[in-house]
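A.B. asks: Make the complex out of the two chains shown on their own, each in a separate frame, by following the hints.
Listed here are the chains, written in short residue letters.
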Amino acid sequence: MDITDFYDTFFEEAEELLADMERYLLELDVDEPDSEQLNAIFRAAHSIKGGAGTFGFDALQKTTHLFENLLDHTRKGELRLRRDIVDTFLETKDMLSDQLDAYRNGDEPDQEAFERICQTLQRLALEEIGQDLESGALVASTPQPVAKSEPEPEALVEQGAASGSDLRVVALLNVGEKDRQLLVEELGQLGEVIAQEGDEACYEVTLSSSVSNDDIEAVMCFIIDTDQIKIRGADTGGAPQAEAPVAAPEVEKQQAAPAAVEPPPLASSAGGVMPDSGKPAKAKSKAKGGGESTSIRVSVDKVDQIINLVGELIITQSMLDQTVSEMDNVANSALQNGMSLLQRNARDLQESVMSIRMIPMDFIFSRFPRVVRETAAKLGKEIELVTEGESTELDKSLTERIIDPLTHLVRNSLDHGIEPPDVRQAAGKPRTGKLVLSAKHQGGNIIIEVIDDGAGLNRDRLLAKARENGLPVSDAMSDDEVWQLIFAPGFSTAKEVTDVSGRGVGMDVVKRNIQGMGGHVQIMSRPGEGTTIRIVLPLTLAILDGMSIKVGNEMFILPLSAVLESLQPSREDLYAMAGDDVVLKVRDEYLPVVAVHEALDVPKAKTELTETIAVIVQGEGRRYALLVDDLVGQQQVVVKNLETNYRKVPGVSAATILGDGSVALILDITGLHRLSREKKEKRRPERKPALEALTDKELET
Amino acid sequence: MNQTNDAALAAAEAHNREFLVFSLGEEEYAIDILKVQEIRGYENVTRIANAPDFIKGVTNLRGVIVPIVDLRIKFHLDKVEYGGQTVVIVVNVEDRVVGIVVDGVSDVMTLSPDQIKPAPEFGVTLSSDFLSGLGSLDDRMLVIVDIDKLLTSDEMELVESVAE
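Same order as they appear, the protein sequences are chains G and L. Quick note on the working numbering: the first sequence kicks off at 1 and runs consecutively. Quick note on the working numbering: the second sequence kicks off at 702 and runs consecutively.
Okay, chain L solo, but in the shape it has when bound (with noise of 0.2 angstroms):
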């Protein structure tokens, strides 16, 4: 008995993942840290036309040129303001370098298997497609983020979709 225990202990640590939480106005949210390349203030970004609002524009990070995300934005916050604790979370996501304009961040977490529940079948602004689960770290929720599928889908226009 002991022994199925440990080895399930040892596979839970295993499975253990490390989390950047940010938060978006009031609400906390997480993605993996490992796609995070680096964090930034926001700063000099070049508009483009007829581009989503929720796309900032783009900026130069040494050399390379980045698209800026606001999420706030695409998230339908009320309050979207640009201050000194306006960060942009630069991540890689399928070989691309895109910058995603948060609130703040605030910790890295390590959540094991069973403190993320499944995600709930909601919101119409954010679909659950999007989320891998939610994390319950005592009374705090955070809603973790499945980045790769955000940035890549249709409705985020970061990415030319094929059909086109």
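With the rest of the complex left out, here is chain G (with noise of 0.2 angstroms):
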């Protein structure tokens, strides 16, 4: 096995930790940290270090080395946090970000930033604990290790021993060269080897490992005798020849933990921005930090060849169970309650497959205690954020996509929606906004919202703009209508454009990219009170309820989602429109007739206008009238994609297979309307009347 076989998965773990690090760091308060998170974030510095001394990534290993020197002192209170260090750190981590993607793609990281990090970290100790040193508290533990890009292994050991942590001289007596190189082989097994020297006599490895000494002398003894090994590791003094007992960095741990807790942190308005989503969240994330982790890590790929091989499964049951269902009740009693069985686990294990690919909400809301810090700062703006439902779950393939449009939506938010806090004091309010994100299920549905306390939309000023901008608009269109402006492509009512949002471009494709996930955008918003963007999206593309319609002898499939309901079309309800067009009367709305077997060219479809079915369906918040046959059923089908060997068609958006193992086109209800228009408009000039026609002769009869 080669040891580029484990690349990805520390590639991964370093990934989340520095995921992890970030929202530690997010989540410390400036004034009074909570040694556990300053603990957490240090550990994953060590672990990243760990990992890349191993891989021999330089650049990341220096860069944590020095990073995980400075949060050390930041634990043990010696470097006091502000919000310019802490700012320093999260620059730090993107920077680390970067070097492991370099190292991922295998590059090697950008040489200058890693240098100016560097400085800027090495800087920051000299300043920060220069002056803590003159205060006299340190002077004899930590001649200012961090100042140097490579410090001596003897620094490291007394700032490891000083904290308690990993860091340790073995010392091998009278060990002979072969065993020697052996146990040293051994000792890098168990952690990372810093430096090694001596002689016979008395040979010292420095190591850095997690693993305990009573752990490291054990494994020692398969080769030497317990008398040969010194292990030294706790000594304050900063004279390292002196032994101290095996135990003491466990004790000293000990003691110094009671004594590094602060009282909990209290939610204090004067940081700007809390990203913190209150007091229970907070607890249950440290549950969460001190679990013991029960999952596995499966590449994607295996986990959608298993939802294929399901979905192959139901489609096999569903062709038995119509052969079954043909059968002779009486005879078959057996098979048939064997055939609901199958249907039941079958289900079952859909369920359960698709289930792996959901992924908590939390795995999108935790990014955003960053945005909002930033641009808050940026804006200078008083944010408190508040995230909601951070364990609904969402399909991963849903959760990589919708990160963008949130994000932009959350920025949108803190420009336009919050006031400046001095406005808001004016406006009675309180100087601190509040966005809240929040996710919860309803139906089929996911629902996301992002909901802020700021001055709302401004109807007249919205309306004002479109008919600048030309569209048309009147007085008399419902808020709905008007809060759909926003989306209007350029549409911006912003007075001056910001480098964080005003341009207009961007709401218009975040509608896009929500429709294109098969979802909507709601908008609700009250003046003075807040603005509040619902995102509807489905809970996952793998699978569809659908129904299923027939138009001539083709079956197609509808998404139930998209369906209201289904009539049919009486003569006085149907209305002939400047010649081709046909409108439907629903109830006093009018609803454009887009005639399935038109837009898809379906022959031996109904044409007689009062036989066929009128479905109503929501595409891209409009309704429309679709003219089907006949309605065959609901049920859930696989979604299949037709470009995977093919290519896009217009009208459809995916392929299913039926029971019976052909194939059906799932209709996209906007595409069809488009076609069906393209249809008319490439006929008009041939002027061929015969829908015309046919609607005129209805209409007269």
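Stretch-level coverage of chain L by chain G, calculated; a stretch enters the list once three of its residues show a Cβ under 8 angstroms from a Cβ in chain G:
(1) 762-772
(2) 792-799
(3) 849-860
Derived from the structure by calculation, the hints contain no laboratory data. Given the structure is predicted, the values throughout are model-derived calculations rather than measurements. We put the beta carbon where it would ideally sit given N, CA and C, even for glycine.
C.D. replies: See the structure below:
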């Protein structure tokens, strides 16, 4: 086995550690840092350093090393945290991410950036700890080890020892050359060998490892006697020669811990941003950090393969089901019982397999404290971020695609929604604005909301701006319609363009992206009280609740989420409009009629409008009446991509496999409408009066 | 002299390629057998609206949606019938799976490089760009189709072109 086989594991782990690190850094209360959090950050840096060392990623190792040293001082209280220091830490974290990415792509990280961040960290160490040193508290134990890019092993040990951490010197007494090599190799397995020197009588190995001294001794005892080993790592005096009892680091750690524990940080409004979801959430996240992880890492490909196979199983099962249902009931009752059992099991299996792909919204929400913090700082606003429903689960493919639109919406709320502190105070609101990110399930959908308590949307300004842009608007438009205007391309009511938002690009992209995921956006807003933007998304893209319809001899699937109702159109409710177009009146609403057989050229379909069935569907916020021949039934279908082997088909979003093994196309409602319009456009010059004549005839009778 | 002959022979043998021979009407065509995934009957094809007429639709190949192209229509053959002999050759082209409808599959043949003549400049319906050559075997002539180029070409409309 090659060491490169472990690269991926390391990269993934390091990525998670960095994400944790960022979360903790953001949660840190600068004035009263929680020692648990500081320790967690330190541990993350330390673990990455260990891995980087093992795999020979020098830049990453050195950066984390410096970072770790600084963090060590921080958690020992020698370095007072300030906002700008946390910012530097965050910057360092970003740099580590970049380095990690570079190594992952097989490149060397940017040397310049690496040197810059090292200098920044060293300067910070010099300035900050230098001050502390003047106060005389720590002269003995830490002679500015972080100021050097490669601290001496001695200094490292002191540091490690002082904090009860993982560095120690293992001295091998009277060990021969051959055994020694073996032992050093063994030590390399346990941790990271930082330095080694000495002769046969006394050979010293400096080791960084999370393994306890007892364990190290136990491993070495396979090769040499216990009295040939001396492990040091606990001398606080700074003299490496002074031997200390093996258990000392442990003891010291226990002593240090209670001393370092400070009262839990109270939510004070002084800091501006409080990226916190309230007390309960905090308690939960701590519990999560402490708990043993019982998950396994599986590649997405494997999961997708299982999902595909289960999809096949479901199809086979429904094929069998169809055959069995045509058989004699009495004679085959055992078979039918078996079939219903199989059906139940297959559905359960499908559900459990689908749940593998689901990941909690926390995965997305956790990146927002950073966004909010930085944006708020840039805008000079005070904003409190609250997240709700972090445990709500969403399909992984969707979570990846929702991040960008959501980030845009959050930035928008911060910039346009929430007012500056002074304005808020003048309006009688608390200076600190509140931004809520929430997620919840509703039916087969997930609802993600971005709620701010800002000024709300300004109806008059939106209308004025729309007129300016030449959009067709009227004062009679409902609020809902007015709010939807902000999704028009190039629309922005911001008085000036900031570098956060206001260019008017984006909201239309947001809407398009969300529609691309099969979802839609709703807006609720009240002047002076704030705006809620609601994203409604299907839980998964892999399975769809469908309504099967028949046109001519062909079967199609409509997404059930789009279907509102179906009815038989009566003659009085059909009106011809400007030649080709027909509208259907449904309860005082005139809906454009889209004949599926026309749009998709289906032969042998019913052409008499009153004989067809009108399915009222909603797509991109608009309603249409689709004319179909028959409704067949409702069923869950496995969505199959048409583009894998073919290409995008207008009016069709995907395909699925029916119970009889044949392929049915899943219709795309807005695409269908566009298609039928295009067809009418094309026909117009020829003036084929087919439909016109038909509808006229109908209207006459 | 002998040595060079032997070497040439070995080299030629190494360059021998196997082809799947199929018929479209009276004509015989051949494609590289390594491109062929399987051969199956023509059945259960779902029509795709607004597609060119030679794209018959899509079918379910063990859970994979596969487009079906009728080469007879594409090559403007007079008689296009679907019967018991009609078969679909499922080919694998640039990571895509496509089925092509032909009148029948007759043979697998090995052709040496000197049996393959360059294709002459001809053809309005079938541009010589899509031909790797003409294979001569006794008195038969095989039109060797470069199935990769043909199926990924713009005129087949199977693949979304980059410009779109």
